[in-house]
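Asks: Top to bottom, those sequences are chains V and G.
Yeah, the first sequence ends on 1158 if you go by the working numbering, and it's all consecutive.
Yeah, the second sequence ends on 1158 if you go by the working numbering, and it's all consecutive.
Check each hint, because a few of them may be wrong.
All copies of an identical chain are treated as equivalent in the list; a pair is satisfied when it fits inside any one copy or across any two copies.
Lysine-lysine pairs mimicking DSSO-like chemistry, simulated, CA-CA at most 27 Å apart [stated by the list, open to error]:
#	residue 1	residue 2
1	Lys955	Lys1148
2	Lys753	Lys1130
3	Lys1148	Lys1092
4	Lys1158	Lys849
5	Lys1130	Lys1148
6	Lys1092	Lys754
7	Lys1158	Lys981
8	Lys1130	Lys754
9	Lys1041	Lys853
10	Lys1113	Lys753
11	Lys1130	Lys1113
12	Lys1158	Lys1041
13	Lys981	Lys853
14	Lys955	Lys753
15	Lys833	Lys853
16	Lys833	Lys1035
17	Lys930	Lys833
18	Lys930	Lys1148
19	Lys833	Lys1041
20	Lys930	Lys849
21	Lys1111	Lys981
22	Lys955	Lys1158
23	Lys930	Lys753
24	Lys1002	Lys955
These are computed hints drawn from the structure, not numbers from a lab.
In this text the structure is predicted, and so the values were computed from the model without any measurement.
Number of protein chains: 2
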Amino acid sequence: MKKNIIIGQSGGPTAVINGSLYGVVAEGVKQTESVGQVLGMINGIEGFLQGRYMDIGALDATNELELVRTTPGAYLGSCRYKLPEDLADPVYPELFRKFEEKGIGYFFYIGGNDSMDTVSKLSRYAAGIGSDIRFIGVPKTIDNDLVETDHTPGYGSAAKYVATTVREIATDATVYDNKQSVTIVEIMGRHAGWLTAASMLARKFEGDNPVLIYLPEVAFDQDAFVEKVKEALKTTPNLVVCISEGINDGKGTFICEYASDVGTDTFGHKMLTGSGKYLENLVKDRIGVKVRSVELNVCQRCSCAHLSRVDLDEAVNAGIYAVQVALGGETGKMITFIRNKSVPYELSYGTADVNIICNKEKPVPDEWIISEGSDISGKFIDYARPLTQGYVELPTKNGIPLFAYRK
Amino acid sequence: MKKNIIIGQSGGPTAVINGSLYGVVAEGVKQTESVGQVLGMINGIEGFLQGRYMDIGALDATNELELVRTTPGAYLGSCRYKLPEDLADPVYPELFRKFEEKGIGYFFYIGGNDSMDTVSKLSRYAAGIGSDIRFIGVPKTIDNDLVETDHTPGYGSAAKYVATTVREIATDATVYDNKQSVTIVEIMGRHAGWLTAASMLARKFEGDNPVLIYLPEVAFDQDAFVEKVKEALKTTPNLVVCISEGINDGKGTFICEYASDVGTDTFGHKMLTGSGKYLENLVKDRIGVKVRSVELNVCQRCSCAHLSRVDLDEAVNAGIYAVQVALGGETGKMITFIRNKSVPYELSYGTADVNIICNKEKPVPDEWIISEGSDISGKFIDYARPLTQGYVELPTKNGIPLFAYRK
């Protein structure tokens, strides 16, 4: 008997999360023997609980689905909604009643750790009540911090964005190269430094900017940092330093939290400052050179400017593979990437138990962090570079990229 | 008798300032009957005074010059150096002695208002002493605020960057579209709102984000702003507002200066906050919705991600034309762009007296600013869109754009 597919997106968007959506929808509508409709939850499980969904399979007959493939952000809308730990909570029978109502046989959820937690809970509840709905997680996160997979869709494009943008900022920083300056670039990553590490791909030659790179995996020593900056300025008058937003003292305090004496704004709220801003002030105070900080901000995760073809193709394939393994009988799994080799780059797709993935984080390996925590080993290049390769031609209208959106 | 060319870059970099450098060098080395060497000042007139220059014409024989064409930033390095107002200052004879020493017959300076001031002073001094060195300014500024020219090289690519990035940010902002939010995007432009106005090109349909756009040309009323935001949230739950960094109260005070009660940082320095951050706090205080601010920062001027082919070609042509008019006998001029028509877009090149250009600023015309200063007229689209057209394929290495740099 034919069953319907339902798919949702959850957590922060990436440049290729819609690639995986495209993959699930395109493969779902092809499986005409087993699959009826392909439905999409609007704003993830939270919106679905409110009765919000759409017939996304119907897009297959239009140009819209092809446009979805290259549109950054989450086409279906996202949510940050955690299902209750207690599987006896009434939300579970409510959800499964809705699944039944809609004839759902296959549930796909594209997201990071928290989204895999949703897949884990739903598949465990299903097992408990003997439901045969299959639950599959499709990974996505620019943080690249999911365990059991070589890397995650979204990381390659974000890494390429960071590498290119840091190279641009370094080029900009050196136009006044007759005067010393320090530029601090703050990159996303609260607990894992994968994305900040990608800034090393910006170097045009050995010793080039960014000369110093700091990840949250290693305790950040402010005095040692100041000494490293002084030393680096001797050979690189326009110094670029890249830091993760999550750099910390190794004892549980983020560096940005050191800015404790910061005042209140005009309206009486406590001012918040990032780690980059804090270090900008530290360098100004302790070294006295011209210094600025740049926060890469949301563009790291939402820009289509530097889509990696490898990343986009893998995101699409993860969606296609998810449908195939669900139809093959798997449930309670996340799609994983298995790297066969780096040169030439070769990838296989697999699955892993979603219960051992959710709520865990994969740090950058210790042995890849060198120079007392101020640089990254060349081994990282072999790992990351293949993920950033290839150009994606974007559809444009009136000269700027054209995006799909729900009307 | 053959004379040498000297060329310099000055002021803030843009994505295509090296396109004009390429144009001058490529045309200069072609003019073998009149031109000997093509020299480049390192760090503009300031570096030249310190004896720093290079034989940039020699790059013509290598692939490097072609790479310079698409590299953002200022290949020769830049400066922010103002020549003395008093033409009797000893720096003038010193400079002209150096010009003579190097056999200079043609001087080109690529820059904005301040750089045109340099061209003005040098050409006036030359007239005073009867020197036959010819001085020509080549315009460049993302601010698009030079008078006597339809637009300036650098603006088209920056406008395209802003339009695309604001569309991406709007896409990112709407993934949680079941909850209200305000995103404030702060765009460069201290006195002229041309670049902020370009954010309107991000709209996918009438009424789309960015719903509100504020330029420095119009006095900014904080109460009226809060009312506009409240009103706009009714139809656009995830509101994007674009503002120029230079929005002000019309009485000489920048909005960011209203954040006067802001405290000091950990090191005792007064915290500085931008207009975006100030308005973020204002919205939080007065409306209470989720709000964030994004500062586009240096990437607006240094990113090669959204190079406009039209802009790059015009930058190159401005350089070529500068050499031709100098050889033709003109001096004390800036290259200007004359738009013959917008549809189809057609441009001519001309010259204007540099003395009437320097130290002046061209604002966005009053009649293009509508809705009590919170929106831009559609006429702006006809003006700006042609300047953002066309894609430039960048040379890459290891998957990311390859840039030229002085070794």
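Asks: Checking against the hints above, which ones are violated?
Replies: 2, 6, 8, 9, 10, 13, 14, 18, 21, 23 and 24
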